[in-house]
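Using the sequences provided together with the hints, build the complete structure.
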Amino acid sequence: MSFDDLNIDENILRGVYSHGFEKPSAIQSAAIPKMIEGKDLIAQAQSGTGKTGAFSIGTLCRIDESVQSIQSIILVPTRELAEQVTKVITDLCSYTKITVMKVIGGTNVNLCRDELSKNPHIVVGTPGRILDMIRRRYLPTVDVKLLTFDEADEILSHGFKEDIHDIIQTVNKNAQICIFSATLPDEILELTDKFMNNPERILVKRESLTLEGIQQFFVNINHDDWKYDVIADLYDTINIGQCIIYMNSKQKIVDVYNRLTNDNFPVDYISGDRTVDERNKIMNDFRSGTLRILLSSDLLARGIDIQQLSLVINFDLPREKETYIHRIGRSGRYGRKGVAINLITNREVEYLKSIEEFYDTQIVEMPQNIADYLN
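Counting from 1, one number per residue, gives the positions in the sequence shown under the UniProt record's numbering.
Do not rely on the hints blindly, as some may be mistaken.
Here are the simulated lysine-lysine pairs, DSS-like style, with alpha carbons at most 25 Å apart [to be verified]:
hint, residue 1, residue 2
1, Lys-337, Lys-353
2, Lys-39, Lys-194
3, Lys-97, Lys-34
4, Lys-173, Lys-87
5, Lys-250, Lys-321
6, Lys-337, Lys-23
7, Lys-321, Lys-353
8, Lys-194, Lys-34
9, Lys-118, Lys-34
10, Lys-161, Lys-118
No lab work stands behind these hints, which were simulated from the structure alone.
Predicted model only: the values in this text are computed from it and were never measured.
This is how it looks when you write it as C-alpha coordinates:
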(Lines of atoms letter the chains of each structure in order from A and count residues from 1; the text may use other names and numbers.)
(Lines give C-alpha, C1' and ligand atoms only; values in the text may rest on other atoms or scores of the structure.)
Protein backbone atom coordinates (compact mmCIF):
# COMPACT_ATOMS: atom_id res chain seq x y z
CA MET A 1 0.00 0.00 0.00
CA SER A 2 1.17 3.55 -0.73
CA PHE A 3 -0.02 6.94 0.57
CA ASP A 4 -1.70 7.40 -2.83
CA ASP A 5 -4.15 4.66 -1.84
CA LEU A 6 -5.33 6.41 1.36
CA ASN A 7 -7.64 9.04 -0.17
CA ILE A 8 -5.39 11.90 0.92
CA ASP A 9 -5.86 15.35 -0.64
CA GLU A 10 -3.33 15.98 -3.41
CA ASN A 11 -1.73 19.02 -1.77
CA ILE A 12 -1.39 17.22 1.55
CA LEU A 13 0.06 14.24 -0.32
CA ARG A 14 2.74 16.53 -1.79
CA GLY A 15 3.66 17.56 1.74
CA VAL A 16 3.76 13.93 2.87
CA TYR A 17 6.31 12.97 0.22
CA SER A 18 8.22 16.23 0.63
CA HIS A 19 8.54 15.52 4.36
CA GLY A 20 10.32 12.30 3.55
CA PHE A 21 7.60 9.72 4.06
CA GLU A 22 7.90 6.96 1.47
CA LYS A 23 5.19 4.46 2.31
CA PRO A 24 2.71 4.29 5.19
CA SER A 25 3.58 2.32 8.30
CA ALA A 26 1.07 -0.19 9.66
CA ILE A 27 -0.48 2.30 12.07
CA GLN A 28 -0.69 4.94 9.32
CA SER A 29 -2.36 2.56 6.87
CA ALA A 30 -4.94 1.60 9.49
CA ALA A 31 -5.57 4.94 11.21
CA ILE A 32 -5.56 7.56 8.46
CA PRO A 33 -8.62 6.19 6.58
CA LYS A 34 -10.58 5.95 9.85
CA MET A 35 -9.74 9.54 10.71
CA ILE A 36 -10.72 10.73 7.24
CA GLU A 37 -14.08 8.96 7.68
CA GLY A 38 -14.63 10.96 10.87
CA LYS A 39 -14.74 7.95 13.18
CA ASP A 40 -13.67 7.97 16.82
CA LEU A 41 -10.47 6.01 17.15
CA ILE A 42 -8.24 4.30 19.71
CA ALA A 43 -4.94 3.56 17.99
CA GLN A 44 -2.16 1.78 19.81
CA ALA A 45 1.30 1.27 18.35
CA GLN A 46 4.75 1.15 19.84
CA SER A 47 7.02 4.18 19.93
CA GLY A 48 8.76 4.84 16.63
CA THR A 49 6.14 3.31 14.34
CA GLY A 50 4.84 6.56 12.88
CA LYS A 51 2.03 7.57 15.25
CA THR A 52 2.79 11.27 14.80
CA GLY A 53 2.58 10.96 11.03
CA ALA A 54 -0.67 9.02 11.34
CA PHE A 55 -2.63 11.56 13.33
CA SER A 56 -0.96 14.56 11.64
CA ILE A 57 -1.96 13.42 8.16
CA GLY A 58 -5.37 12.30 9.39
CA THR A 59 -5.96 15.68 11.02
CA LEU A 60 -4.97 17.66 7.94
CA CYS A 61 -7.41 15.63 5.84
CA ARG A 62 -10.26 16.74 8.12
CA ILE A 63 -9.60 20.47 7.80
CA ASP A 64 -11.78 22.71 5.61
CA GLU A 65 -9.33 25.31 4.27
CA SER A 66 -12.14 27.59 3.13
CA VAL A 67 -13.19 28.21 6.74
CA GLN A 68 -10.65 30.15 8.84
CA SER A 69 -11.52 28.82 12.28
CA ILE A 70 -10.06 26.46 14.87
CA GLN A 71 -11.24 23.03 13.69
CA SER A 72 -8.84 20.67 15.47
CA ILE A 73 -7.10 20.50 18.85
CA ILE A 74 -4.22 18.08 19.43
CA LEU A 75 -3.30 17.46 23.05
CA VAL A 76 0.16 16.24 24.04
CA PRO A 77 1.78 15.72 27.46
CA THR A 78 4.91 17.91 27.11
CA ARG A 79 6.07 21.16 25.56
CA GLU A 80 8.79 19.36 23.61
CA LEU A 81 6.27 17.02 22.03
CA ALA A 82 4.05 19.99 21.16
CA GLU A 83 7.04 21.60 19.42
CA GLN A 84 7.77 18.47 17.43
CA VAL A 85 4.16 17.75 16.42
CA THR A 86 3.69 21.38 15.34
CA LYS A 87 6.83 21.17 13.21
CA VAL A 88 5.71 17.93 11.55
CA ILE A 89 2.24 19.29 10.74
CA THR A 90 3.72 22.57 9.46
CA ASP A 91 5.93 20.59 7.08
CA LEU A 92 3.09 18.36 5.93
CA CYS A 93 0.73 21.25 5.15
CA SER A 94 3.33 23.39 3.35
CA TYR A 95 1.46 23.03 0.03
CA THR A 96 -1.89 24.01 1.56
CA LYS A 97 -3.35 27.09 3.22
CA ILE A 98 -3.86 25.22 6.49
CA THR A 99 -2.43 26.99 9.53
CA VAL A 100 -1.19 25.46 12.79
CA MET A 101 -0.21 26.93 16.15
CA LYS A 102 1.26 25.54 19.37
CA VAL A 103 -0.14 26.57 22.76
CA ILE A 104 2.15 25.67 25.64
CA GLY A 105 2.94 26.79 29.17
CA GLY A 106 5.92 29.04 29.77
CA THR A 107 5.00 31.36 26.89
CA ASN A 108 3.45 34.82 27.05
CA VAL A 109 -0.33 34.67 27.45
CA ASN A 110 -0.90 37.85 25.46
CA LEU A 111 1.14 36.53 22.54
CA CYS A 112 -0.92 33.34 22.69
CA ARG A 113 -4.10 35.39 22.62
CA ASP A 114 -2.91 37.39 19.61
CA GLU A 115 -1.95 34.25 17.68
CA LEU A 116 -5.23 32.51 18.53
CA SER A 117 -7.16 35.56 17.33
CA LYS A 118 -5.92 34.67 13.83
CA ASN A 119 -7.98 31.46 14.10
CA PRO A 120 -5.41 28.83 13.09
CA HIS A 121 -7.04 25.66 11.75
CA ILE A 122 -5.10 23.38 14.11
CA VAL A 123 -3.97 24.03 17.69
CA VAL A 124 -1.37 21.77 19.30
CA GLY A 125 -0.71 22.06 23.01
CA THR A 126 -0.51 20.83 26.55
CA PRO A 127 -3.78 20.32 28.46
CA GLY A 128 -3.19 22.94 31.16
CA ARG A 129 -2.49 25.82 28.80
CA ILE A 130 -5.16 24.74 26.29
CA LEU A 131 -7.80 24.73 29.04
CA ASP A 132 -6.56 28.09 30.33
CA MET A 133 -6.95 29.62 26.86
CA ILE A 134 -10.45 28.15 26.53
CA ARG A 135 -11.49 29.54 29.92
CA ARG A 136 -10.13 32.97 29.02
CA ARG A 137 -12.22 32.74 25.84
CA TYR A 138 -9.12 33.17 23.71
CA LEU A 139 -9.56 29.71 22.16
CA PRO A 140 -13.06 29.24 20.73
CA THR A 141 -14.11 25.60 20.40
CA VAL A 142 -17.42 26.07 18.60
CA ASP A 143 -15.98 24.83 15.27
CA VAL A 144 -13.72 22.11 16.69
CA LYS A 145 -14.66 18.86 14.97
CA LEU A 146 -11.61 16.78 15.89
CA LEU A 147 -9.94 16.32 19.28
CA THR A 148 -6.78 14.19 19.26
CA PHE A 149 -4.74 12.86 22.19
CA ASP A 150 -1.13 11.87 21.58
CA GLU A 151 0.50 9.71 24.28
CA ALA A 152 -2.91 9.35 25.89
CA ASP A 153 -1.65 7.12 28.69
CA GLU A 154 0.71 9.86 29.83
CA ILE A 155 -1.91 12.60 29.58
CA LEU A 156 -4.72 10.73 31.29
CA SER A 157 -2.78 8.93 34.01
CA HIS A 158 -0.68 11.77 35.35
CA GLY A 159 -3.02 14.37 36.74
CA PHE A 160 -4.67 15.67 33.58
CA LYS A 161 -7.94 13.73 33.85
CA GLU A 162 -9.96 16.71 35.09
CA ASP A 163 -8.46 19.06 32.51
CA ILE A 164 -9.26 16.59 29.74
CA HIS A 165 -12.83 16.17 30.96
CA ASP A 166 -13.28 19.95 31.04
CA ILE A 167 -11.82 20.38 27.55
CA ILE A 168 -14.08 17.68 26.11
CA GLN A 169 -17.10 19.39 27.69
CA THR A 170 -16.37 22.55 25.67
CA VAL A 171 -16.45 20.92 22.22
CA ASN A 172 -19.44 19.74 20.24
CA LYS A 173 -20.67 16.40 21.56
CA ASN A 174 -20.47 15.03 18.02
CA ALA A 175 -16.82 16.01 17.63
CA GLN A 176 -14.51 13.21 16.54
CA ILE A 177 -12.12 11.98 19.26
CA CYS A 178 -8.93 10.09 18.41
CA ILE A 179 -6.49 8.59 20.88
CA PHE A 180 -2.93 7.58 19.99
CA SER A 181 -0.53 5.94 22.40
CA ALA A 182 2.14 3.30 22.75
CA THR A 183 0.49 1.75 25.79
CA LEU A 184 -3.17 1.68 26.80
CA PRO A 185 -3.63 0.30 30.33
CA ASP A 186 -7.10 -0.94 31.25
CA GLU A 187 -7.90 2.16 33.30
CA ILE A 188 -7.28 4.34 30.25
CA LEU A 189 -9.55 2.22 28.06
CA GLU A 190 -12.24 2.44 30.74
CA LEU A 191 -11.95 6.21 30.78
CA THR A 192 -12.15 6.50 27.00
CA ASP A 193 -15.38 4.49 27.04
CA LYS A 194 -17.01 7.35 28.93
CA PHE A 195 -16.53 10.01 26.29
CA MET A 196 -16.06 8.26 22.94
CA ASN A 197 -18.74 7.21 20.46
CA ASN A 198 -18.29 3.58 19.38
CA PRO A 199 -14.57 4.04 18.72
CA GLU A 200 -12.77 1.99 16.11
CA ARG A 201 -9.91 0.14 17.81
CA ILE A 202 -6.50 -0.49 16.33
CA LEU A 203 -4.65 -2.36 19.04
CA VAL A 204 -1.47 -4.40 19.35
CA LYS A 205 -0.93 -7.00 22.03
CA ARG A 206 1.35 -6.13 24.91
CA GLU A 207 3.88 -8.84 24.07
CA SER A 208 4.42 -7.30 20.65
CA LEU A 209 5.30 -3.92 22.09
CA THR A 210 8.98 -4.62 22.58
CA LEU A 211 11.02 -2.69 20.05
CA GLU A 212 12.76 -4.85 17.52
CA GLY A 213 16.31 -3.82 16.75
CA ILE A 214 17.01 -2.57 20.28
CA GLN A 215 19.70 -4.57 22.08
CA GLN A 216 18.92 -4.36 25.80
CA PHE A 217 21.63 -4.84 28.42
CA PHE A 218 22.12 -4.36 32.15
CA VAL A 219 25.11 -3.66 34.37
CA ASN A 220 24.78 -4.83 37.98
CA ILE A 221 26.53 -2.41 40.33
CA ASN A 222 27.02 -2.86 44.08
CA HIS A 223 26.32 0.75 45.02
CA ASP A 224 24.23 3.48 43.41
CA ASP A 225 27.17 5.88 43.79
CA TRP A 226 29.21 3.76 41.38
CA LYS A 227 26.84 4.25 38.44
CA TYR A 228 28.66 7.41 37.44
CA ASP A 229 31.92 5.49 37.18
CA VAL A 230 30.31 3.04 34.75
CA ILE A 231 29.27 5.90 32.46
CA ALA A 232 32.72 7.48 32.64
CA ASP A 233 34.35 4.12 31.88
CA LEU A 234 32.06 3.57 28.89
CA TYR A 235 33.05 6.89 27.38
CA ASP A 236 36.74 6.32 28.12
CA THR A 237 36.88 2.89 26.48
CA ILE A 238 34.55 3.02 23.47
CA ASN A 239 33.52 5.52 20.83
CA ILE A 240 29.96 6.64 21.60
CA GLY A 241 28.06 9.02 19.36
CA GLN A 242 25.05 10.64 20.99
CA CYS A 243 23.41 9.36 24.13
CA ILE A 244 20.46 10.16 26.38
CA ILE A 245 20.85 9.26 30.05
CA TYR A 246 17.62 9.00 32.06
CA MET A 247 17.30 9.65 35.78
CA ASN A 248 14.32 9.84 38.09
CA SER A 249 15.11 12.98 40.08
CA LYS A 250 16.11 16.54 39.24
CA GLN A 251 18.77 16.55 41.98
CA LYS A 252 20.45 13.46 40.59
CA ILE A 253 20.41 14.98 37.10
CA VAL A 254 22.15 18.12 38.38
CA ASP A 255 24.70 16.10 40.38
CA VAL A 256 25.64 13.92 37.41
CA TYR A 257 25.66 16.97 35.12
CA ASN A 258 28.14 18.75 37.42
CA ARG A 259 30.43 15.70 37.57
CA LEU A 260 30.37 15.18 33.79
CA THR A 261 31.01 18.89 33.22
CA ASN A 262 33.95 18.84 35.63
CA ASP A 263 35.33 15.87 33.68
CA ASN A 264 35.01 17.86 30.44
CA PHE A 265 32.21 15.83 28.85
CA PRO A 266 30.01 17.66 26.25
CA VAL A 267 26.82 17.44 28.31
CA ASP A 268 23.65 19.34 29.14
CA TYR A 269 20.40 18.45 30.84
CA ILE A 270 16.71 19.04 30.35
CA SER A 271 14.13 19.10 33.11
CA GLY A 272 10.84 20.74 33.99
CA ASP A 273 12.42 23.84 35.53
CA ARG A 274 14.40 24.86 32.44
CA THR A 275 12.85 27.76 30.55
CA VAL A 276 11.25 27.22 27.16
CA ASP A 277 14.15 29.04 25.46
CA GLU A 278 16.69 26.90 27.33
CA ARG A 279 14.90 23.69 26.38
CA ASN A 280 14.64 24.71 22.74
CA LYS A 281 18.35 25.57 22.53
CA ILE A 282 19.35 22.31 24.22
CA MET A 283 17.14 20.22 21.94
CA ASN A 284 18.37 22.05 18.83
CA ASP A 285 22.00 21.51 19.91
CA PHE A 286 21.30 17.83 20.49
CA ARG A 287 19.49 17.37 17.18
CA SER A 288 22.32 19.10 15.30
CA GLY A 289 24.92 16.90 16.99
CA THR A 290 26.84 19.70 18.73
CA LEU A 291 25.69 18.28 22.07
CA ARG A 292 26.61 14.63 22.59
CA ILE A 293 25.27 13.72 26.03
CA LEU A 294 21.80 14.71 27.22
CA LEU A 295 20.60 14.04 30.76
CA SER A 296 16.84 13.91 31.21
CA SER A 297 13.92 12.99 33.35
CA ASP A 298 10.90 11.27 31.79
CA LEU A 299 9.92 14.69 30.49
CA LEU A 300 11.80 13.77 27.33
CA ALA A 301 10.87 10.11 27.22
CA ARG A 302 7.87 10.52 24.97
CA GLY A 303 7.92 11.13 21.27
CA ILE A 304 11.16 13.02 20.73
CA ASP A 305 12.75 11.71 17.55
CA ILE A 306 16.52 12.16 17.53
CA GLN A 307 17.49 10.62 14.20
CA GLN A 308 21.13 9.76 14.89
CA LEU A 309 20.65 8.52 18.45
CA SER A 310 21.82 4.95 18.99
CA LEU A 311 22.33 4.68 22.76
CA VAL A 312 20.04 5.18 25.75
CA ILE A 313 21.27 4.65 29.31
CA ASN A 314 18.83 4.18 32.17
CA PHE A 315 20.84 5.55 35.10
CA ASP A 316 17.67 4.77 37.07
CA LEU A 317 15.02 2.30 35.96
CA PRO A 318 11.74 4.12 35.31
CA ARG A 319 9.30 4.14 38.23
CA GLU A 320 6.54 2.83 35.96
CA LYS A 321 7.01 -0.14 33.64
CA GLU A 322 5.00 1.56 30.89
CA THR A 323 7.66 4.29 30.66
CA TYR A 324 10.46 1.85 29.82
CA ILE A 325 9.41 1.43 26.19
CA HIS A 326 9.19 5.19 25.73
CA ARG A 327 12.70 5.68 27.04
CA ILE A 328 14.44 3.06 24.95
CA GLY A 329 12.21 3.99 22.02
CA ARG A 330 14.45 6.99 21.48
CA SER A 331 16.92 4.65 19.80
CA GLY A 332 16.44 2.41 16.76
CA ARG A 333 13.32 4.21 15.51
CA TYR A 334 11.69 2.83 12.34
CA GLY A 335 13.82 -0.28 12.46
CA ARG A 336 17.17 1.43 12.99
CA LYS A 337 19.26 -0.51 15.47
CA GLY A 338 19.99 0.85 18.91
CA VAL A 339 21.32 -0.08 22.32
CA ALA A 340 19.78 0.40 25.76
CA ILE A 341 21.92 -0.07 28.88
CA ASN A 342 20.26 -0.33 32.30
CA LEU A 343 22.40 0.44 35.35
CA ILE A 344 20.99 -1.49 38.32
CA THR A 345 21.89 -2.31 41.91
CA ASN A 346 21.07 -5.59 43.64
CA ARG A 347 17.81 -4.20 44.96
CA GLU A 348 16.65 -3.46 41.39
CA VAL A 349 17.31 -6.92 39.96
CA GLU A 350 13.78 -8.17 40.64
CA TYR A 351 12.22 -5.02 39.20
CA LEU A 352 14.27 -5.44 36.02
CA LYS A 353 12.98 -9.01 35.77
CA SER A 354 9.42 -7.72 36.10
CA ILE A 355 10.07 -5.33 33.19
CA GLU A 356 11.33 -8.27 31.13
CA GLU A 357 8.12 -10.18 31.87
CA PHE A 358 5.92 -7.16 31.23
CA TYR A 359 7.29 -6.78 27.69
CA ASP A 360 8.12 -10.44 27.13
CA THR A 361 11.67 -9.45 26.25
CA GLN A 362 15.25 -10.25 27.21
CA ILE A 363 17.60 -7.86 28.98
CA VAL A 364 21.01 -9.51 29.27
CA GLU A 365 24.23 -8.62 31.06
CA MET A 366 26.34 -6.15 29.11
CA PRO A 367 29.12 -8.00 27.26
CA GLN A 368 32.77 -7.00 27.17
CA ASN A 369 32.49 -6.28 23.45
CA ILE A 370 29.72 -3.68 23.85
CA ALA A 371 31.55 -1.48 21.33
CA ASP A 372 30.64 -3.97 18.59
CA TYR A 373 26.94 -3.27 19.21
CA LEU A 374 27.41 0.50 18.98
CA ASN A 375 29.39 0.61 15.75
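Holds or violated: are the alpha carbons of Lys-337 and Lys-23 at most 25 Å from each other?
Given that 25 Å is the threshold and the Cα spacing comes to 20 Å, the pair holds.
Take the C-alpha atoms of Lys-173 and Lys-87, compute the straight-line distance between them, and say whether it is at most 25 Å.
29 Å, violated
Pair hint outcome, Lys-321 versus Lys-353 [Cα-Cα no greater than 25 Å]:
11 Å, holds
Starting from Lys-97, check that the Cα of Lys-34 is at most 25 Å away, please.
23 Å, holds
Given hint Lys-118 paired with Lys-161 - CA-CA distance at most 25 Å
At roughly 29 Å apart (the allowed maximum being 25 Å), Lys-118 and Lys-161 break the hint.
For a C-alpha distance cap of 25 Å, please report whether Lys-118 and Lys-34 respect it.
29 Å, violated
CA of Lys-194 to CA of Lys-34, is that 25 Å or under?
This hinted pair holds, its Cα atoms lying about 20 Å apart.
Going straight from one Cα to the other, do Lys-250 and Lys-321 come out at no more than 25 Å?
20 Å, holds
When you check the alpha-carbon spacing of Lys-39 and Lys-194, does it fall within 25 Å?
Judged against 25 Å, a Cα distance of about 16 Å means the pair holds.
Assess, step by step, whether the Cα of Lys-337 is no farther than 25 Å from the Cα of Lys-353, and give holds or violated.
23 Å, holds
Against the hints set out earlier in the document, violations occur for numbers 4, 9, 10.
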